[in-house]
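Produce the entire structure from the sequences given, and follow the hints as far as they go.
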Amino acid sequence: MGAAQGEPALFWTFDVQGAERSELRPIPHEGLVVGMAVGGPARHAELRRVGPRTFVRCVDSSVVSRVNGTGLHGEIELRPGDVLRVGDLLLVFVLAAPAERGTEEASGDACWGAGLSAVCRSVDLVAPHKHSVVITGETGTGKEVVARRIHQRSGRTGPFVAVNCAMLSESLAASELFGHTRGAFTGANADQQGLFRAANHGTLLLDEVSDMPLPVQASLLRVLETASVRPVGATRDIPIDTRVVATSHTDLIELVHKERFRADLYARLAQWTVRVPPLRERRQDILGLIRHVLSRLEPRRRRLTPDLAEALLVHAWPLNVRGLVNALSIAAIASPQGQPLDLHEEVEAALRSTRAMSAPPPPDAAEDLDKAGIEAAMFTGHGHVASVARQLGVSRPRLYRMFALHGIDPSAYRASPSSGIREQQPGGERGGDGLRHRQIPSVEALGSVEQL
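With my numbering, letter number 397 in the sequence shown gets 412, and the count goes up by one each step, no holes.
Incorrect hints may appear among the rest.
[What the hints assert, rightly or not] Calculated cross-link-like contacts (lysine to aspartate or glutamate; reagent style DMTMM-like; alpha-carbon spacing at most 20 angstroms):
1. Lys145 - Glu240
2. Lys145 - Asp279
3. Lys386 - Asp357
4. Lys273 - Glu240
Think of the hints as simulated: they come from the structure by calculation, not from any bench.
Note that the structure is a prediction, hence the values are computed from the model and not measured.
Below, the structure is given as structure tokens:
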């Protein structure tokens, strides 16, 4: 949605009877009248086109007319994604490509709205091939659901296996991914096939691949180049037929420029890329998503009041679908049984709490710490990596990656066995008191429904 070459249209999402809709109504060159229905006889608002621009004006002040929650007075130009309310009628202004779909497709845990048409086309093109795929998008946009669609439409007979790369420690990653033989290391009491072989003839999802430690990236590159794995402790390679799909909420190319992600690995992984747009870029999908989520949250799904529907449509959703599930869960609890879901105080409070977040929070506080800051934390933390990671609000794998990036040896900060004296002082001009602390809040989703 929103392509410059698209034709202006209104996505009709909510009508005067309080029923959600999914209908795309093009705006003709001669304009369009909005009343109790789009194109109906009543005249409450008028839209007109001037070249590539589209304007709306209120013609009946007795009826509530708003754009993005603000009262409509006079005439204003509409931008893609603007939410127009006329009475209880809710519409989203879009630039629709000629082949744009007007209804959503629901399957399993996913709801594929019109705003994901480009994603669906891209996925369906690449799915039957063996190419590795990188899926990018903000936290909560549904990247894993897109990965599952690739697998489901690939025709591959093996399983879909997912691993969170942030949970892979450098010391155990090779065993987790590639397997190990019995006796390969202390505690290896039996052969382990590893995730690549577990996903043989299927798909392996490397979730948040940007969090993978650099040494592990080198091993992964070899596997992709040779289509084989060598378990830890083994002396020969084992051929595999495993398709790799990777996701990332950060810009991998930027990480390549910062030498925090291998360029050759990126080239191997990004044989095809798919970007999942955030919810604020596909507002026409929101009420379809609401229908889908409520069908799973409530056995007998209730309607929404126009006020709640408008509030959900105009919200920026920095937490994307996870935030939407939270808001719906709160609305379902706050609204008395048998009555429509309404914009209760509890829902407004939940929306206010995230309204100031113009973008998702930075994924890691350590990104803003220089070498001296990390050294100071290691010194005051006596070199205890786990406690320093908690202090900085980062994962241990990422902290180890920062060690590698800055050339920091964590063992140098641990107490000497004989003297109990720490061997390393914090580097740079700042001492331990100069360390900047910036706690990044973690947000937990209330719902367990995985959606798009």
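Comparing the hints with the structure gives:
Proximity of Lys145 to Glu240 is assessed by CA-CA distance (about 13 angstroms); at most 20 angstroms being required, the pair is judged to hold. For the hint pairing Lys145 with Asp279, the CA-to-CA distance comes to about 18 angstroms; that is within 20 angstroms, so the pair holds. Pair hint Lys386 plus Asp357 does not hold up; C-alpha atoms about 50 angstroms apart against a cutoff of 20 angstroms. Straight-line distance between C-alpha atoms of Lys273 and Glu240 comes to about 24 angstroms, which puts the hinted pair past the 20 angstroms bound.
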